[in-house]
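K.L.:
In the working numbering, the protein residues as written are 1 to 783.
Keep in mind that a hint or two might mislead.
Pairs of lysine to aspartate or glutamate, DMTMM-like flavour, derived with a Cα cap of 25 Å [unchecked claim]:
(1) Lys244 <-> Asp303
(2) Lys288 <-> Asp418
(3) Lys458 <-> Glu547
For each label pair, taking beta carbons as the anchor points, the in silico distance ranges come out as [stated by the list, open to error]:
(4) Asp109 <-> Lys540: 38 to 48 Å
(5) Asn585 <-> Asp299: 39 to 49 Å
(6) Arg102 <-> Arg617: 33 to 43 Å
Please keep in mind that the hints were generated in silico from the structure rather than gathered at the bench. From the three backbone atoms N, C-alpha and C, an ideal C-beta is built for every residue, glycine too.
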Amino acid sequence: MLDCTGGELTPRVPDGAGDQMTTGRHLPQRFRCLDFQPPQTGTQMSYPTPRRRPRNLARIAVAVACASVMTFSGLPVLTGAEAAPKAKRCDEMYGVRGDPARPGGLPADNTIRREADWDEYEFDNPRQAMDGLTLPSDPAERTKFLDEIGEDSSRYKEGDPKRVYATYNNNQKNGTRPFAGTFDEWLNEVYIENYARNRRGAAFTAKIVRDLNLVGPDWLCEEYILDKDGKTIRKYDAANHRTKEFVEFKSGGAHDTSQPPKDRVVLKDPRYQDYKLRYAFGQEQEPKTRTAVRNLGADIGNDAQGRPRVTTYEHRSTAVVRYTPGPHSRYDSTLNAKPGVNQGSRGGGNDMINRSAPNPETARQQIERARQLDTTGQRVRGPGGVDFSTLELRFVGAPVKGEGLDYSFSAKKMPDPDTNPGAGGKEKAELVSDSFFTWLALTPDKFWVNLNPDQPDKIMDDRFGETDAGRVLLEADLDMKHDFAQTMNPSTDRGARFWDSLSRVDGRPCLHSIRNWIVPQPAQVREQDGGIYILDAPLKVNSVPQEVNTPVPGGTCDLTKAQIEHNQNLVNTMILPEVEKKINNHAAYADLRRVYTSRVAAEWIRLQDAEKATDYRAIINSNEVSRWPIRGAKWDKNETWQRYLKSFKEGDYSFEREYGGRVYVYTVGGVDFSQAPKKNITKSEFTTAHPHLPRTTQTSVKAMTDDAETKNILYLGGNTTVKASRGGGATPEPPSNDGGSGGGLPITGDSLPIGLVLTFAAALIAVGSGMLWWTRRRRRFQS
1 MLDCTGGELT
11 PRVPDGAGDQ
21 MTTGRHLPQR
31 FRCLDFQPPQ
41 TGTQMSYPTP
51 RRRPRNLARI
61 AVAVACASVM
71 TFSGLPVLTG
81 AEAAPKAKRC
91 DEMYGVRGDP
101 ARPGGLPADN
111 TIRREADWDE
121 YEFDNPRQAM
131 DGLTLPSDPA
141 ERTKFLDEIG
151 EDSSRYKEGD
161 PKRVYATYNN
171 NQKNGTRPFA
181 GTFDEWLNEV
191 YIENYARNRR
201 GAAFTAKIVR
211 DLNLVGPDWL
221 CEEYILDKDG
231 KTIRKYDAAN
241 HRTKEFVEFK
251 SGGAHDTSQP
261 PKDRVVLKDP
271 RYQDYKLRYA
281 FGQEQEPKTR
291 TAVRNLGADI
301 GNDAQGRPRV
311 TTYEHRSTAV
321 VRYTPGPHSR
331 YDSTLNAKPG
341 VNQGSRGGGN
351 DMINRSAPNP
361 ETARQQIERA
371 RQLDTTGQRV
381 RGPGGVDFST
391 LELRFVGAPV
401 KGEGLDYSFS
411 AKKMPDPDTN
421 PGAGGKEKAE
431 LVSDSFFTWL
441 ALTPDKFWVN
451 LNPDQPDKIM
461 DDRFGETDAG
471 RVLLEADLDM
481 KHDFAQTMNP
491 STDRGARFWD
501 SLSRVDGRPC
511 LHSIRNWIVP
521 QPAQVREQDG
531 GIYILDAPLK
541 VNSVPQEVNT
551 PVPGGTCDLT
561 KAQIEHNQNL
571 VNTMILPEVE
581 KKINNHAAYA
591 DLRRVYTSRV
601 AAEWIRLQDA
611 EKATDYRAII
621 NSNEVSRWPI
631 RGAKWDKNET
641 WQRYLKSFKE
651 GDYSFEREYG
661 GRVYVYTVGG
671 VDFSQAPKKN
681 ITKSEFTTAH
691 PHLPRTTQTS
701 VKAMTDDAET
711 KNILYLGGNT
721 TVKASRGGGA
731 TPEPPSNDGG
741 SGGGLPITGD
751 SLPIGLVLTF
761 AAALIAVGSG
771 MLWWTRRRRR
781 FQS
């Protein structure tokens with residue numbers, strides 16, 4: 001519906017949309033309505049004759065202009081027997097310059113853009129600067145706060161936080177389907193994201209038109225396909241009738257489920273039996289999208305030359321939002337030495353992490369809301385597509401005093417986020433950042449833990465025991481001891497061979513007591529571009545014989561020096577490699593790997609600060625860690641030691657074989673991160689092995705992006721001192737609505753009848769004509 005109130009044309013948008021829900025959001029100036037006021041009774045109206053005709057003609061012109069804009073501005077369409085809007089040249093629609101004599105096209109086969117060409121594009125979304133808004137936590141205060149602001153967002157300008165609150169208030173009170181999540185979730189998933197979809201989609205379309213040179217009179221955008229009765233079957237984002245192809249653009253990797261059935265109708269129509277359909281994505285296709293397009297292609301088949309008529313092309317590009325952070329933005333403490341009011345860390349990584357659901361159940365709810373809000377398949381990968389359990393710090397930039405530094409994390413992709421979305425990003429990012437500061441604040445001689453039944457007073461440094469980094473190391477040490485014992489379990493083939501090969505005493509295998517502890521191997525790094533790339537940070541397990549005084553179950557056995565050496569060699573060759581593999585790859589040790597990469601980064605910051613003062617100088621070696629205490633459940637190092645002691649005294653397990661008695665397993669050990677060795681690879685080695693990593697890292701500071709070198713890896717980061725985003729040129733104006741609940745560009749669903757659009761146009765023309773008639777009638781009356 002349209003509402004002409006307050007001198008503006010105002011569309012009514014669905015409940016839950018990103019702006020005023022009942023009266024809608026004001027359209028741009030080109031949609032201004034006629035300001036018609038009838039004469040008041042008893043008032044003498046006098047207009048100079050020479051001005052009457054120009055004014056009347058101007059009013060008619062305004063009405064016609066409004067009608068024209070509404071008719072041809074790309075509003076979503078449904079089926080209708082009236083003539084569809086005429087397609088426009090793509091280069092003219094998106095202001096792209098190219099050589100019309102040499103137009104380009106999309107690849108003929110299913111393909112992905114060359115990794116060396118992956119890049120980014122910008123789009124405007126000023127609402128991103130509002131992502132720090134909150135509501136009072138007390139229900140009564142929250143209600144009072146919202147009541148004072150009211151429900152009419154049109155009273156407030158864009159950029160005013162009251163506009164946000166009024167929009168939310170109206171949706172919750174008057175919407176047919178109030179938002180089920182929290183205000184923060186609504187703010188990010190609806191208010192900000194719905195507004196972004198149109199602009200992101202327009203920017204991607206303009207980019208692909210420019211990159212592939214889709215210029216000239218043959219490349220048309222917004223092409224409507226009608227049936228024999230003149231009703232719309234499908235609207236394609238682009239078409240070329242000379243080369244006989246239709247194109248559908250998606251800035252992400254999803255699809256509109258309503259489109260493939262319409263594609264079948266079009267491609268099986270005799271008029272288009274020689275046409276091809278190209279789906280062009282900006283990201284890797286989601287599993288469901290890949291399946292849907294593959295099924296469509298199998299149904300449509302090949303052309304006369306045996307080539308598939310339905311193909312996909314992934315024009316990999318990262319969308320970077322352009323906005324200016326302000327007083328209503330969210331600022332984080334990630335790696336930030338001096339967080340404060342209206343300052344701190346921001347970036348694409350921070351946005352993903354803050355939007356990440358805390359657990360799998362809430363993540364599934366988030367994914368379901370995203371599906372409901374994105375009916376056109378224009379969403380890009382969100383936090384549910386990130387496996388935050390694998391989050392690790394991979395780059396820190398130059399720590400210039402007063403200017404902050406860039407940073408970047410890596411994380412694996414979730415294989416199927418629709419059914420198993422990622423969660424817990426904030427918890428993991430906090431562990432990375434907190435441990436980074438712990439490694440800076442404490443002196444390195446404190447970076448050890450020790451589980452030894454004879455040394456309950458030497459578990460770990462007391463201050464280190466107050467941090468999550470210390471907790472992670474001690475828990476990992478205990479886990480390692482359990483895994484060491486399980487790896488030699490005789491119920492497995494490896495364990496059986498191990499025990500059968502040990503030295504024997506009185507016919508039974510006898511294993512000496514062992515000390516195992518985790519230490520870093522040299523981290524592979526590259527110091528370049530003013531920072532350090534952490535390429536690999538492996539860990540290893542050291543193992544040596546060690547006697548203990550604490551009694552063990554089953555007693556001890558006396559071994560000669562040669563027998564001990566024989567046994568230890570078996571441990572080193574048969575058991576340790578498996579334990580090391582688990583420590584470096586298994587999810588159980590992910591937190592240990594996470595805090596260690598932070599250790600590598602912190603050590604590099606120490607070295608930079610030693611040469612020139614940085615923002616971290618006051619923290620380094622201060623031995624003050626109260627700002628980064630243990631988060632979550634209460635933890636006590638002594639409780640962990642008691643669990644270890646119980647395991648040591650009773651054994652992780654015992655077993656009986658043909659040896660004539662019971663055999664127990666017991667070990668001591670620790671973790672020692674007091675050293676952080678590294679190997680700085682050469683520039684030639686780095687360029688050969690990681691040619692795209694600098695570009696990926698630079699992009700990740702602004703927006704989460706794919707790793708061009710490893711298919712299942714994402715990079716996401718930020719900057720510790722936020723910078724206002726800048727870029728050249730404005731985002732092309734999208735030919736669709738402005739941040740409604742469906743969002744997306746181009747909207748190729750059929751959502752508004754052409755007849756209705758033309759009816760609006762006719763109505764506006766009638767208004768203009770009526771005004772002219774009224775003016776002439778008044779003139780006759782006055783004369």
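K.L.:
Take the C-alpha atoms of lysine 458 and glutamate 547, compute the straight-line distance between them, and say whether it is at most 25 Å.
P.N.:
With Cα atoms ~17 Å apart, lysine 458 and glutamate 547 stay inside 25 Å; holds.
K.L.:
Given the hint that lysine 288 pairs with aspartate 418, does the C-alpha gap stay at or below 25 Å?
P.N.:
Within the cut-off at roughly 9 Å; holds.
K.L.:
With 38 to 48 Å as the target window, see if aspartate 109 and lysine 540 comply at their CB atoms.
P.N.:
holds (46 Å)
K.L.:
With a cut-off of 25 Å on the C-alpha distance, tell me whether lysine 244 and aspartate 303 pass.
P.N.:
holds (12 Å)
K.L.:
Would you say the C-beta atoms of asparagine 585 and aspartate 299 sit inside 39 to 49 Å of each other?
P.N.:
holds (42 Å)
K.L.:
With respect to the beta-carbon atoms only, verify the hint that arginine 102 and arginine 617 lie 33 to 43 Å apart.
P.N.:
violated (58 Å)
The earlier numbered hint that this structure contradicts is number 6, and it is the only one.
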